[in-house]
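Asks: One-letter residues, chain by chain:
2 protein chains.
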Amino acid sequence: MCQLLGMNCNVPTDIVFSFTGFATRSGGTDAHNDGWGIAFFEGAGVRHFVDYQAAIASPVAELIRRFPIKSKNVIAHIRKATQGHVALENCHPFVRELWGHYFVFAHNGDLKGFNPELNGPYRPVGNTDSEAAFCYILQELRRQFGDALPALPPLRAAIEKLCAEIATHGTFNMMLSDGSALFAHCSTNLHYIVRQFPFAEAVLCDEDMKVDFSEVTTPSDRVAIIVTEPLTTNETWTQFKTGELKVFIDGMPLP
Amino acid sequence: MCQLLGMNCNVPTDIVFSFTGFATRSGGTDAHNDGWGIAFFEGAGVRHFVDYQAAIASPVAELIRRFPIKSKNVIAHIRKATQGHVALENCHPFVRELWGHYFVFAHNGDLKGFNPELNGPYRPVGNTDSEAAFCYILQELRRQFGDALPALPPLRAAIEKLCAEIATHGTFNMMLSDGSALFAHCSTNLHYIVRQFPFAEAVLCDEDMKVDFSEVTTPSDRVAIIVTEPLTTNETWTQFKTGELKVFIDGMPLP
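In order, the protein sequence lines correspond to chains S and E.
In terms of UniProt numbering, the first sequence is residues 1 to 255.
In terms of UniProt numbering, the second sequence is residues 1 to 255.
Honestly, the hints are just simulated from the structure, not real lab data.
Do not take every clue at face value.
[As the list claims (entries may be wrong)] Calculated from the model, a selection of chain E residues having no Cβ within reach of chain S, i.e. all distances over 12 Å: (1) V11; (2) P59; (3) E97; (4) L98; (5) H101; (6) N127; (7) Q139; (8) T218.
[To be verified] Below, a list of computed lysine-lysine pairs in the DSS-like style, where the Cα atoms sit at most 27 Å apart: (9) S:K80 with E:K70; (10) S:K70 with E:K241; (11) E:K112 with E:K241.
The structure presented is a predicted model; accordingly, all values stated were derived computationally and were not measured.
All C-beta atoms in this analysis are idealised placements derived from N, C-alpha and C, irrespective of residue type, glycine included.
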C-alpha cells in the first residue's frame, strides 16, 4: 500500500518536519520503496518533485528535507507499486492544468476493472489506475462546469460524487488540490490533525526527532496535516470515516 | 533577454557540464536573475525544476549541478522578465500533457499584441506571452491532429507553421520536446553543436571548468546541445538562421 501526506495552511509553512517522518517510511521503517513524490503550490505555481528511488536514498528527497520550501498546499506520496511498473511517469503526485489552475493529485489504493472512458483532453502518460482516475476526474469536472473554476460548494459536491463512483472499483484514498483548497477522500485509512495556537511539541513516530511548534509559529498560524497513518506519537489524530470527503481551507476542514 | 539551453542525445546523458556554464549566467556572468527552470525527460516521465531565485543562488540549481540526472531530452531556461511578474508560475520551462505525452516548452523573446484565442483545453496559469504561445501551439496541434500523436513529418510541418505565425508578433526563439524529439525555432539567436566520436576536451566560457568528453563517453554516444549563446570557447558552434526550425533526434538535427 502507498501512503499519502497532505498539508493545508493559512500561511505558507514548510513541511520539513512531517516530510522527514513520512520519507523515512520509503525504504526506512516501512516497505514503500517504489518511488515517491511531492508537489508544493507557491502562489499559482507548483514545484513538483518525483523520484523512483526510495525517498530515504534519494538526493531529491534530501533536498526537500534540507530546503524549507514554504507552501499553503502540499501533497506527497510514497509508492508501493500495485499497478504500473516502477518508472518516473508512474510516480505520484500527478499534475495537470484545468481552468488555468494547476491541479495536483495522489492516490493510495487499488482499483479493479476501472477503465473510464477518457474522451476529453486528459490522457494518462503512465499506466497506473491512479493517473486514469485523475484524468477522469478532471475530464468530468470540465464537462460539468465548462470553462471556468466554479464556486466551492458545487465543486465539492461534484468531487464527492466522482470519488464515490470511483471508489466502487476499489480502495480510493486520495488527495487533490488546486492550490486554494485540499480535497481528501477516504476509503480505508486517512487521519488528520489541525495544529494551532497554543502550539506544543510534537514527536515523530518514525524518526528520533521532535519539534516545538511554539518556537517556529505565530499565534495566528493554522496548519492541517492529513496522512495515511499518524506521524507523531504524542498528538491526537482524527480518523476519516469510510467514504468521507473533507475539504481543507486555511488549515481547517470545512464543516 | 532570457536564455535557452537544450540537449538531445541518443543515450541518456547528464547535463551537469553545460548546465554549470549556463546557470552561471543567471546572476553570475550575466543579468538573467528573474528565475530559471529545467525539465528532464526520463522515459515518458518528466523531472521539472523551477525557481524564481537566480540559478547561481538556488539550492535546487545546486542539486542539478551535483546530481547527474541522465536524460535524452532536456530543456532549460534562465529568465529576465519582460512580460509577467517574477513568480513561480511564470518560470519556464512549462509542462502540459497532450496525446498521453508530456510536452515541455521554453521561450526566449518578447511577443507584442499576441492574444491568441484560447478556446481549447489549455489555459495559461501565469501571465506570460510565452505560456500563452505554448497553450496555443498545443491547442492547434490537438485541433489539427485529433486524438493521437501524428507521424513526425506532419507534426514538424505543423509546428513550423505555428512558429512562423507566432513569430510575426515578435521574437520567438523556442524549444519544445515531447521526450522523443526536440524542436528548436530561431528568430534571432540560437546555436548548436553535435558532440560525437572522436570526443575532445571542451572549455566553458562562463566558468573556469573543462571536461574531456572522451573520458566520460562511449564511441557510439551522440549529443546535440542547443543554446542561445555558445557555451564553450574551443568548439565550433553552428548558428541557426532566422525563421529556422530544426528537429533533433538521437543527438542529430534532421535534414
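Asks: Against each hint, give a clear statement of whether it holds in the structure.
Replies: Hint check:
1. V11: Since the minimum Cβ distance to chain S is about 17 Å, E:V11 lies beyond 12 Å and the statement holds.
2. P59: It is violated; E:P59 is separated from chain S by about 5 Å at its closest Cβ, not greater than 12 Å.
3. E97: violated, 6 Å
4. L98: With a cut-off of 12 Å, E:L98 comes too close to chain S, as the shortest Cβ separation is near 8 Å.
5. H101: Since the minimum Cβ distance to chain S is about 6 Å, E:H101 lies within 12 Å and the statement is violated.
6. N127: violated, 9 Å
7. Q139: violated, 10 Å
8. T218: Non-interface label stands for E:T218: nearest chain S Cβ at 24 Å, farther than 12 Å.
9. S:K80 with E:K70: holds, 24 Å
10. S:K70 with E:K241: violated, 44 Å
11. E:K112 with E:K241: Roughly 22 Å separates the two Cα atoms, so the pair holds.
Of the hints listed earlier, those the structure fails to meet are numbers 2, 3, 4, 5, 6, 7, 10, in rising order.
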